[in-house]
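Taken in order, these protein sequences are the chains called A and B. Take the first sequence: its position 7, counted from the start at 1, is 7 in full-length UniProt numbering, and no numbers get skipped. Take the second sequence: its position 242, counted from the start at 1, is 242 in full-length UniProt numbering, and no numbers get skipped.
Keep in mind that the hints were calculated from the coordinates and are not lab data. If you're wondering where the values come from, they're calculated on a predicted model, not measured in any experiment. Please note that the accuracy of each hint is not assured.
[Claimed, not checked] The calculated BS3-like cross-link candidates involving lysine-lysine, where the alpha carbons are at most 27 angstroms apart (straight line), are:
1. Lys333/A to Lys76/B
2. Lys76/A to Lys312/B
3. Lys312/A to Lys225/A
[To be verified] Beta-carbon label-pair distances, calculated as ranges:
4. Asp56/A to Asp217/B: 39 to 47 angstroms
5. Asn328/A to Leu304/B: 48 to 56 angstroms
6. Thr158/B to Gln19/A: 53 to 61 angstroms
7. Val52/B to Gly135/A: 22 to 30 angstroms
8. Asp56/A to Tyr300/B: 51 to 59 angstroms
9. Tyr300/B to Gly36/A: 34 to 42 angstroms
10. Lys221/B to Gln19/A: 20 to 28 angstroms
11. Gln19/A to Tyr300/B: 28 to 36 angstroms
For each residue, glycine too, the CB sits at the ideal point set by N, CA and C.
Number of protein chains: 2
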Amino acid sequence: MERIIFTTDSSLVLAELLQGVRHDQLFVVADKHTVGFCDKLLEKVNWMPLNVAVVDCGEENKSLVSVARVWSMLSKRGARRSSILLCVGGGMVTDMGGFAASTFKRGMRCIYVPTTLLAQVDASLGGKTGFNLDGLKNEIGTFSEPERVVIDVSLLQTLPVRERVSGYAEMLKHGLLSDMEYLERLLVCDTNVPEREEFLELIKKSVSVKNDIVTQDPNEKGIRKALNFGHTIGHAIESCSMMRRENMLHGEAIALGIIAELYLSVREKGFPGEVYRRVREFIKRYYPTYPVMEHADTLYELMLHDKKNDRKGVNFTLLEDVGQFSINNYCTKEQITEALNQI
Amino acid sequence: MERIIFTTDSSLVLAELLQGVRHDQLFVVADKHTVGFCDKLLEKVNWMPLNVAVVDCGEENKSLVSVARVWSMLSKRGARRSSILLCVGGGMVTDMGGFAASTFKRGMRCIYVPTTLLAQVDASLGGKTGFNLDGLKNEIGTFSEPERVVIDVSLLQTLPVRERVSGYAEMLKHGLLSDMEYLERLLVCDTNVPEREEFLELIKKSVSVKNDIVTQDPNEKGIRKALNFGHTIGHAIESCSMMRRENMLHGEAIALGIIAELYLSVREKGFPGEVYRRVREFIKRYYPTYPVMEHADTLYELMLHDKKNDRKGVNFTLLEDVGQFSINNYCTKEQITEALNQI
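For reference, chain A alone in the conformation it holds in the complex (with noise of 0.2 angstroms):
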């Protein structure tokens, strides 16, 4: 965790990091929404940031396109292994921005200022880089860690509600795969009005639910795989939404591919079926719903893309009770199928 840094005023924190870092030897990627964040994060530094790489809004601009940009901007103003690539915005400027600085030179240092929730407690943890290549989801990437990640809650009180229920989502994964303690404080609390400390409280516990599993299996050999549960067929449902040119955030779809695997969980392996009509319900209430069932055979071949899978078909996380999870599970079509009607 000491690469993780919670803080409620990120300029001073970048102050102390940024010191002895020469002022041309700071490249910043933005998007353009947060681009606007970026004097108010350096002012502490006492400088402008010079080398700025700012990228379109939205998953479709995880691309290639976009990780080109940051690398002819580190190429062309001379950047160095030593100079620094800060990151500035939501998973996909973290994602696509740490890609670019894992392979500028073949690694250069890098700070990720994760914006919204979801990047706070998923997207900016756990070393996973990548941009998206067919509207297929991370198909290129790496696995590299930034140096340091730095939480600013303070950033998520302009974040509009939707974002935030979307990065919701992950939290509501990170409670299935921990206790039934923690769960139950996320069921409770209402994502409209969050009160700012125990919103704190509960970005924290996700953060180290995420780093526990991750630092156990850096490379997703094996239990890091926990982390997938509800992405099999939330990826599924995300891309399907990318391809039809709509505007489903991560958080939306992945909800949707919670009730799906949790309802797995309950055929497979005896999850209890209260929690899921408990969970099924609070995601019903708050998330936007998807019509899956006219699109299943699309998303039965998506997920048949899926990085997880080997021959034997599609690879799922699923649960046997609250924090007990079982990888490699592999459903059939039927099974997905019935699955998908749940949503």
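Use these hints to put chain B onto chain A, whose structure you have.
Same frame as chain A, now just chain B:
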């Protein structure tokens, strides 16, 4: 060394390595020349490769365009992490294909079959992958080892003499980094008519010199920099030549870099002048020259871009004696110009 397999019949080795791999899960990348080797290489697995990406020959095609072509084939044809990318070619193909494999779904299985002397004794070893950006060598890349490197010396029989001489420059470097006895054998070996048995022994020794150094420092934090001997100036010459669209080979540039950096070693580190003169004479006899003094300023600018640099200036590995190197030396523009003048 267990990942490196020496053979005179790579089709036999591949038949063994590919046992159990499904036909449609083998992917091949080759260039327009080496693609002709593939049928023979795969004759003992009894099937023709289905998925082949062919890239244009030459260092200028070690580019993002080529990498993207490989990514696209892998993605469109349903490659998985457990699929194999077989890279058949010189360092251009193994570096670029290795990069594509190390980043596809954050890393798939990969086997190199280096077909040039340069790739066999250097490029395919040590886990550096990458491609060129805007004329800058290996500006983008990863540290990632293939699962196996199959070194088949019989493939060298059809290699043009000029290519063989180019690869020999890296062997000279390995000689300078190891011991006088090996260097002696290299300096008396006629590169035009290498006896096969003797040559195989020279190759094996070269591979072990490189492997020993890389194993101690895979991510180039310290002593691996020894392998950059000759490359600070050599890479600059190569980049300069590439910008001018000349047809210089990597090893030809490195041979000239060895002269200049050996001269710096004599001046700054007391490297024995007699050995310097013999190595210089050997290189002058077998390698084409280059008008370095006409491009001295450009070359210096290019050196400033070198990945090994930090803010202290141009970073050199120099030699105190054969087998005794000193990393992280900084030389001034004047010293470098004097060294260039010896080429």
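Holds or violated: 48 to 56 angstroms for the Cβ distance of Asn328/A and Leu304/B?
Check passed, 50 angstroms falls within 48 to 56 angstroms.
Take a look at whether the Cβ-Cβ distance between Val52/B and Gly135/A falls inside 22 to 30 angstroms.
Taking Cβ atoms as reference, Val52/B and Gly135/A lie about 24 angstroms apart, which means the hint holds.
Starting from Lys312/A, check that the Cα of Lys225/A is at most 27 angstroms away, please.
holds (16 angstroms)
Please work out if Lys333/A and Lys76/B have their alpha carbons no farther apart than 27 angstroms.
The given pair, whose Cα atoms are some 22 angstroms apart, holds under the 27 angstroms limit.
Evaluate the given range 34 to 42 angstroms for the C-beta pair formed by Tyr300/B and Gly36/A.
holds (40 angstroms)
Quick check on a hinted range of 51 to 59 angstroms for Asp56/A and Tyr300/B, using CB atoms only.
violated (38 angstroms)
Does Lys312/B lie within 27 angstroms of Lys76/A when you go C-alpha to C-alpha?
Holds, at roughly 20 angstroms.
Given the range 39 to 47 angstroms, decide if the beta-carbon distance of Asp56/A to Asp217/B lies inside it.
Roughly 40 angstroms apart at Cβ, these two residues keep to the hinted range, so it holds.
In this structure, is the beta-carbon distance linking Thr158/B and Gln19/A contained in 53 to 61 angstroms?
holds (58 angstroms)
Per the hint of 20 to 28 angstroms, is the separation of the Cβ atoms of Lys221/B and Gln19/A within bounds?
The hinted range 20 to 28 angstroms holds for Lys221/B and Gln19/A, with Cβ atoms some 22 angstroms apart.
Range hint 28 to 36 angstroms (beta carbons of Gln19/A and Tyr300/B) holds or violated:
Holds, at about 31 angstroms.
Consistency note: the structure conflicts with earlier hint 8 alone.
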